[in-house]
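Q: Read off the chains here:
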Amino acid sequence: MARRWGSIPPMPVEIDIAKVAALARIALSDEELAAYGAQLGVILEHAERVQALPTDDVEPTSHPLPLVNAFRPDEVRPSLDRDDVLAQAPDAVDGYFRVPQILDGP
Amino acid sequence: MSVIPEGWEAVIGIETHVELQTRSKMFCGCRVDFGDDPNTAVCPVCLALPGALPVANEAAIDGIVRIGTALDCTINERSLFYRKNYFYPDLPKNYQISQYTYPVCEHGRIVVDVDGEPTVIGITRVHMEEDTGKSLHMGEGGRIQDADHTLLDFNRAGVPLVEIVTEPDIRTPDQARAYGAELQRIVRTLGVSDARLEEGSMRFDANISVRRTGTSELGTRTEIKNVNSLRSMQRAIAFEIERQIEVLATGGTVIQETRHWNETTGRTTAMRSKEESEDYRYFQEPDLLPLFIDEQWRDRVKASMPELPAQLRARLVAAGADERTAGLLADSPLLAGLFDAAVRAGAEAKTVASWLTGEVVAYARRVGTTVDELSLTAEHLVELAAMVAEGELSATAAKQVLAGVLAGEGGPRQVAETMDLLQISDSGAIEAVVADVLGEHPDALEKIRSGDSKPIGFLVGQVMRATGGKADPKMVQEIIRRSAGR
Numbered sequence: 021m022a023r024r025w026g027s028i029p030p031m032p033v034e035i036d037i038a039k040v041a042a043l044a045r046i047a048l049s050d051e052e053l054a055a056y057g058a059q060l061g062v063i064l065e066h067a068e069r070v071q072a073l074p075t076d077d078v079e080p081t082s083h084p085l086p087l088v089n090a091f092r093p094d095e096v097r098p099s100l101d102r103d104d105v106l107a108q109a110p111d112a113v114d115g116y117f118r119v120p121q122i123l124d125g126p
Numbered sequence: 069m070s071v072i073p074e075g076w077e078a079v080i081g082i083e084t085h086v087e088l089q090t091r092s093k094m095f096c097g098c099r100v101d102f103g104d105d106p107n108t109a110v111c112p113v114c115l116a117l118p119g120a121l122p123v124a125n126e127a128a129i130d131g132i133v134r135i136g137t138a139l140d141c142t143i144n145e146r147s148l149f150y151r152k153n154y155f156y157p158d159l160p161k162n163y164q165i166s167q168y169t170y171p172v173c174e175h176g177r178i179v180v181d182v183d184g185e186p187t188v189i190g191i192t193r194v195h196m197e198e199d200t201g202k203s204l205h206m207g208e209g210g211r212i213q214d215a216d217h218t219l220l221d222f223n224r225a226g227v228p229l230v231e232i233v234t235e236p237d238i239r240t241p242d243q244a245r246a247y248g249a250e251l252q253r254i255v256r257t258l259g260v261s262d263a264r265l266e267e268g269s270m271r272f273d274a275n276i277s278v279r280r281t282g283t284s285e286l287g288t289r290t291e292i293k294n295v296n297s298l299r300s301m302q303r304a305i306a307f308e309i310e311r312q313i314e315v316l317a318t319g320g321t322v323i324q325e326t327r328h329w330n331e332t333t334g335r336t337t338a339m340r341s342k343e344e345s346e347d348y349r350y351f352q353e354p355d356l357l358p359l360f361i362d363e364q365w366r367d368r369v370k371a372s373m374p375e376l377p378a379q380l381r382a383r384l385v386a387a388g389a390d391e392r393t394a395g396l397l398a399d400s401p402l403l404a405g406l407f408d409a410a411v412r413a414g415a416e417a418k419t420v421a422s423w424l425t426g427e428v429v430a431y432a433r434r435v436g437t438t439v440d441e442l443s444l445t446a447e448h449l450v451e452l453a454a455m456v457a458e459g460e461l462s463a464t465a466a467k468q469v470l471a472g473v474l475a476g477e478g479g480p481r482q483v484a485e486t487m488d489l490l491q492i493s494d495s496g497a498i499e500a501v502v503a504d505v506l507g508e509h510p511d512a513l514e515k516i517r518s519g520d521s522k523p524i525g526f527l528v529g530q531v532m533r534a535t536g537g538k539a540d541p542k543m544v545q546e547i548i549r550r551s552a553g554r
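Chains E and D, in that order, give the protein sequences.
Numbers in the working numbering are just positions in the first sequence, counted from 1, shifted up by 20.
Numbers in the working numbering are just positions in the second sequence, counted from 1, shifted up by 68.
I should point out that these hints are in silico values taken from the structure, not numbers from a laboratory.
On a predicted model such as this, the values are computed, not experimentally measured, just so you know.
Honestly, I wouldn't trust all of these hints.
[Unchecked claim] Capping the alpha-carbon separation at 30 Å, the derived lysine-lysine pairs in DSSO-like fashion look like this: (1) D:K161 / E:K39; (2) E:K39 / D:K293; (3) D:K152 / E:K39; (4) D:K202 / D:K161; (5) D:K515 / D:K542; (6) D:K418 / D:K542; (7) D:K293 / D:K152; (8) D:K538 / D:K467.
[Unchecked claim] A partial selection of chain D residues facing chain E, derived with a Cβ cut-off under 10 Å: (9) F95; (10) G97; (11) V100; (12) P106; (13) T108; (14) A124; (15) N125; (16) E126; (17) D130; (18) Y154; (19) Y156; (20) P157; (21) Q352; (22) L357; (23) L359; (24) F360.
Where a beta carbon is used, it is the ideal one built from N, C-alpha and C, also for glycine.
Bound-form chain E, shown alone (with noise of 0.2 Å):
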């Protein structure tokens, strides 16, 4: 298989920002989708750049430290005080988080 390991699928030249606002739920005016559209593609002008640099030569990485398999062993730790985790919460009942309701599934 040709694919290569820490490869990242080619990016898309065109943002649609409004889209992107959208998926992540961020409510943008038009001179914030204009800000933001300009800024996005600076930083994928940046992007293509280091791409077309000569890199065959190069093991890929997908982390900056030189590190794999950090890992916790197999044991429970305590966890919170449900009081406390439920005051955070705007709503509570019977020991649940309260939402409003749910149209949809994911």
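With chain E's structure known, arrange chain D on it following the hints.
A: Just chain D, lined up with the frame of chain E:
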């Protein structure tokens, strides 16, 4: 069951989620316990409080490597965690830690047997992720559409979850069910999960499309959710195949959508369709390091593999059980173990297999218990089989003795003695009775001597009566013939 009309073919792929029963969650130390009160096994990591960082549970990674190995997968030396981004209240972080490119396992297979026809079902990938919280939709009828609010329990959020994706190699509802059953057996044999569909520790989603036989292009597929038993998966797929064929046969088009199986109505219905297409904006999880599963780890898992269900069935068949019986035995580790031990100790395989899948299972059902709770041992079976082989017990009497043993009345010999079922296998004792009977019926003896074998049956009956039915009729007949010089 054949629901697919002539000229049509269904193409089915199945995605299965399996919760791993580790002690602690995937990325934090909260306990994995589904009997708990809501929101009592939660912490900053699984509630996504600011600044909390995930650390992977090594036992969960080992669990997925075990599953991948059992499914004949390539275990990738390097794999990566990704963030799958979407908004839903049961997902505290607004992303699920999952895998995308570079899953832990790829390119596996399961062989299922439907009506004696083995089918290879390819496994595309097996990847590691975390479970979401549990939602309770409150309101009329508990249906999501009618709920006016939703309650959330995050005890399940962050429980290690393994997703197993098949190639679209499945063609019939029966194959789909057989696949689900075999996967469940494998996962249970590995001991990584109890894989209970009704409790959600194993969950199936099926992708289904239909096409005309002989065409290779795939039709538009739908995805079925909410099947919580193997039988409802089979029914839901059968319904969906029929529905799609009807749509196409009447000139309509199948819409790509997610459909919900309703157990009560026996139908699938479309869930509200999404306005925008799915866009999970996967990107590498920066809070987690890559996984590196080296050869040593892979070999260690390989060496620790238990005997898998297919291997067990093959061995039971080799030991003398027929395919069907082997399947029944293999479904219960206890029955398979008893069979194994008894046959190894010299008991006749067919007899023992028939007792275990017949009388033993029936007895457990009758008294309302499971076979695991019976006090039957391999020694009992060996002794009982030996008594039959030695002619001490008839086949019918052996079943009565077995019932006594199952009821806890003692070992086979003790039960047989108490119930007075032992046959007289001492030929001297039988010969004495035969001599008596022949003395009482000299005319019958004379007839036999002159070549008329008709009175033999009568004389055997007399001997059986005199011994209270405990003589071996075959042995009695032999002695009578010998005495008459025939």
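Q: For the restraint on E126 of chain D, tell me whether the closest CB of chain E is nearer than 10 Å.
A: holds (4 Å)
Q: Holds or violated: K515 of chain D and K542 of chain D, Cα atoms, limit 30 Å.
A: holds (20 Å)
Q: Does the nearest C-beta of chain E fall within a distance shorter than 10 Å of the C-beta of Y156 of chain D?
A: holds (5 Å)
Q: For K39 of chain E and K293 of chain D, compute the direct alpha-carbon distance and say whether it is at most 30 Å.
A: Given that 30 Å is the threshold and the Cα spacing comes to 28 Å, the pair holds.
Q: Let's test the interface hint: is any C-beta of chain E closer than 10 Å to that of P157 of chain D?
A: Status holds, d = 5 Å.
Q: Once the shortest beta carbon distance from G97 of chain D to chain E is found, is it less than 10 Å?
A: holds (3 Å)
Q: Take a quick look at whether K293 of chain D and K152 of chain D sit within 30 Å of each other, Cα to Cα.
A: holds (20 Å)
Q: With a cut-off of 10 Å on the beta carbons, see whether D130 of chain D makes it to chain E.
A: holds (9 Å)
Q: Between the alpha carbons of K538 of chain D and K467 of chain D, is the straight-line distance 30 Å or under?
A: Holds, because 16 Å separates the two Cα atoms, which is no more than 30 Å.
Q: With 10 Å as the cut and Cβ atoms as the points, is F360 of chain D at the interface with chain E?
A: holds (4 Å)
Q: Hint check: is the beta carbon of T108 of chain D less than 10 Å from a beta carbon of chain E?
A: holds (5 Å)
Q: Would the stated hint for P106 of chain D survive a check requiring a Cβ distance to chain E of less than 10 Å?
A: With Cβ-Cβ at 4 Å, under 10 Å, it holds.
The structure shown violates none of the earlier numbered hints.
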